[in-house]
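S.K.: Read top to bottom, the protein sequences are chains A and V.
Note that my numbering numbers the first sequence so that position 174 is 174, with each residue one more than the last.
Note that my numbering numbers the second sequence so that position 87 is 87, with each residue one more than the last.
It is possible that part of the hints are untrue.
[What the hints assert, rightly or not] Below are the DSBU-like pairs computed for lysine-lysine, each with C-alpha atoms no more than 35 Å apart in a straight line:
#1 A:Lys176 x A:Lys266
#2 A:Lys266 x V:Lys161
#3 A:Lys176 x A:Lys152
#4 V:Lys161 x A:Lys314
#5 A:Lys390 x A:Lys353
#6 A:Lys11 x A:Lys353
#7 A:Lys266 x A:Lys314
#8 V:Lys161 x A:Lys390
#9 A:Lys353 x A:Lys176
#10 A:Lys390 x A:Lys183
#11 A:Lys353 x A:Lys65
#12 A:Lys65 x A:Lys176
#13 V:Lys159 x A:Lys73
#14 V:Lys161 x A:Lys353
#15 V:Lys161 x A:Lys176
#16 A:Lys11 x A:Lys152
#17 A:Lys226 x A:Lys152
#18 A:Lys226 x A:Lys183
#19 A:Lys73 x A:Lys183
#20 V:Lys159 x A:Lys176
#21 V:Lys161 x A:Lys11
#22 A:Lys11 x A:Lys65
#23 A:Lys353 x A:Lys314
#24 V:Lys161 x A:Lys183
#25 V:Lys159 x A:Lys183
#26 A:Lys152 x A:Lys353
#27 A:Lys226 x A:Lys266
[Unchecked claim] Computed Cβ-Cβ distance ranges for the label pairs, DEER-style:
#28 A:Thr260 x V:Thr162: 23 to 29 Å
#29 V:Ala165 x A:Leu325: 15 to 21 Å
#30 A:Glu227 x V:Ala11: 55 to 61 Å
#31 A:Glu306 x V:Ala11: 32 to 38 Å
#32 A:Leu325 x V:Thr162: 55 to 61 Å
[As the list claims (entries may be wrong)] One-sided and incomplete, this derived list gives chain V residues near chain A with beta-carbon spacing under 8 Å:
#33 Leu173
#34 Ser204
#35 Arg205
The hints are simulated quantities; they were obtained by calculation from the structure and are not laboratory data.
Source: prediction; values computed, not measured.
Cβ atoms here follow ideal geometry from the backbone N, Cα and C, with glycine treated the same way.
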Amino acid sequence: MSIVLVGVNHKTAPVEVRELLAFSEEACAEGLRALVDGEVVSEGLIVSTCNRVEVLTATTSEQIKQSRERITKFLSQSRSLPHDLFRDHSYSHIDDQAVRHIFRVASSLDSMVVGEPQVLGQVRQAYSIALEAGTAGRVLNRLIHQAFRVAKRVRTETGIAANAVSISYMAVELGKKIFGSLKGQSVLLVGAGEMAELSARHLINAGVARVLIANRTEESSARLAKEFGGETVSFERLADYLPDADIVVCSTGAGEYVVTADMARKALNRRRNRPAFFIDISVPRNLDPAIGELPNAFVFDIDDLESVISSNIKEREREAERAELIVDSEVMQFQQSLRVMEIGPSIGALRLKLQDIARSEMIRQRNRLGHLTPEQESAVEALLLSTVNKISHPLIDRMRRSFDGGDNESIQAWRDVFDLED
Amino acid sequence: MIRSLLLAVLASYVVSAIHSVLAFVNKRRALQGVSDWAMATGFVLHTVVLVADWFVDGHYPLFYLRETLSFLAWTMVGSYALVRYRYGAHALGSLTLPAVSLLVFLALLIGSPRGTQEPGFSGTWLFPVHTTLLLFSYAAFFVVFVASVMYLLQERELKLKTFSAIFHRLPSLTTLNEIATSAAAIGLALLTIGIATGMLWSSSRYGVLWHNDPKEIFALLTWLLYLLLIVYRSTAHWRGRSAAWLGVAGFVLVLFTFFGARWMGGYHVFG
Chain A
1 MSIVLVGVNH KTAPVEVREL LAFSEEACAE GLRALVDGEV VSEGLIVSTC
51 NRVEVLTATT SEQIKQSRER ITKFLSQSRS LPHDLFRDHS YSHIDDQAVR
101 HIFRVASSLD SMVVGEPQVL GQVRQAYSIA LEAGTAGRVL NRLIHQAFRV
151 AKRVRTETGI AANAVSISYM AVELGKKIFG SLKGQSVLLV GAGEMAELSA
201 RHLINAGVAR VLIANRTEES SARLAKEFGG ETVSFERLAD YLPDADIVVC
251 STGAGEYVVT ADMARKALNR RRNRPAFFID ISVPRNLDPA IGELPNAFVF
301 DIDDLESVIS SNIKEREREA ERAELIVDSE VMQFQQSLRV MEIGPSIGAL
351 RLKLQDIARS EMIRQRNRLG HLTPEQESAV EALLLSTVNK ISHPLIDRMR
401 RSFDGGDNES IQAWRDVFDL ED
Chain V
1 MIRSLLLAVL ASYVVSAIHS VLAFVNKRRA LQGVSDWAMA TGFVLHTVVL
51 VADWFVDGHY PLFYLRETLS FLAWTMVGSY ALVRYRYGAH ALGSLTLPAV
101 SLLVFLALLI GSPRGTQEPG FSGTWLFPVH TTLLLFSYAA FFVVFVASVM
151 YLLQERELKL KTFSAIFHRL PSLTTLNEIA TSAAAIGLAL LTIGIATGML
201 WSSSRYGVLW HNDPKEIFAL LTWLLYLLLI VYRSTAHWRG RSAAWLGVAG
251 FVLVLFTFFG ARWMGGYHVF G
């Protein structure tokens, strides 16, 4: 058995090419049925997202080249796209390279933002389409299940998805570093920009209990208040509400400081030294940077957030190196189980082998039986063969089951007992 | 026998310390699990050692320096386990467990001197209560110290907005603050009763409450400092950097009370 993968991704192909190759869900199922012919390509699966199109197939070891050609031909025909257009942008991987690639894709090591969680769901989706289309068989079932396992291991054993890499999520992460849990905290949105909205959404998901919204135009603050179940407060009386806010997210178009150091100092005094977290995502800045020098106040402006994000991305890349080691060992494991799968055919041969033994024993002992009528002779043979079959049937049945279920230990045991070749 | 058991205790603590530090640096849950189990094993063995010591030597195992160090290590593991259970703050282990290992190592190195002063002189049950309470208060103050150091490190990084590798491993500021506050309160209560029982013992034996020796003076200073910390924290809602610095300063005083006073002589020096 061999695995062949042909694909394009965000690194190799510009979006103009990727969008031409992309498959909708229906096109995916239809395409799979056209691609898998049971001869050259025995199993198939298509992962199509905005960042990649990957065609993953199983074939026999002798037909690697043909199946690769079949896939490219399939892509160009089904997308009605000349091959020349995407040849230079596509890659193809075979066997352990293909296995490694699909493991890396599922564990988000191949993503634009390493560690992003969506891609695993997309692979899951692709797999269920292939299952429904009936094009995922023994080999791909096993490959994809292992890919899910690899993704889970990478997620739990490395810090690849640990630190925030978006500004809106950064507010949650830093908030947790200061307050521990965000449950029951209150947030004050100053200005109702898109960024503030996104941050607020993340903060609410993390458990923030109270949302105050102050905006120059009451309409947009009323809209946000309705959406988040928050309260609108008067922009002019901002200073009165400042002490109530554990987290202040500021994003107005104002050209001057909306919260001055003096306002913040008074608020902090009223807060009796409880810490306060100020996020300023506006340019020009709306929070006086001098607030950061006050005790128990933590101020992050857009540049601070960006620089933390870039260091988090570096941290993720460091963790990705550890993830690659996990992928390596899993690829090796998969190759082993693939080899075990290949004894499948020899299980079928086992029955014939046992019958041969019965026949040759019959020939050896034939003389001692003396004269037999043809009916008697065939009855003896039938007796022998049916005995052998009756005894071997449950055995072979069990062997097939342990081999289909990928129970490596029992397979090895069967192999030892019956002297099956790999 | 007891010595080799104590060696096993040391081994468990070292394994636990190494895994805890690795987990701190690497953030791997499996390592943390090893650390927890090794610590639990070490703690159980350590308890056995202390009890066995008591029966073999026939006196409460808290008199000679060796015994004191070993006992202190035991109380520190106990209080860390409590913090770990209550707040899930395993980051504290990466400082506590190496310190504990060091104490047990020193205890093994020192061994007990024989002769000079017989521990039997302590007489009443008040004496062991006095020493035990004080050691538990020291352990509590150590927790305050570790939490304060971590608070200061993290607060500094948040203010400077440059995050080192350990930043993501530290508990939140609020959690550290809570740990330090409650540990300081518990420590102060233990210290108060500890000093009081010492005075009672002294008055029943010598008829004097106070000997004015260095250890007593430092203990009093320590007591005042933590009292100040608690009072400020509860009345003026003092928290954050200043409170954390006080937690560090308090521990320096504790160290002085514990070790420094030995070299300045006085009545509190035994064994």
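S.K.: Among all the numbered hints in the text so far, which are the ones the structure does not match?
M.R.: Checked against the structure, the hints that fail are numbers 6, 7, 8, 9, 10, 12, 13, 14, 17, 19, 23, 26, 31, 32, 34 and 35, while the rest are satisfied.
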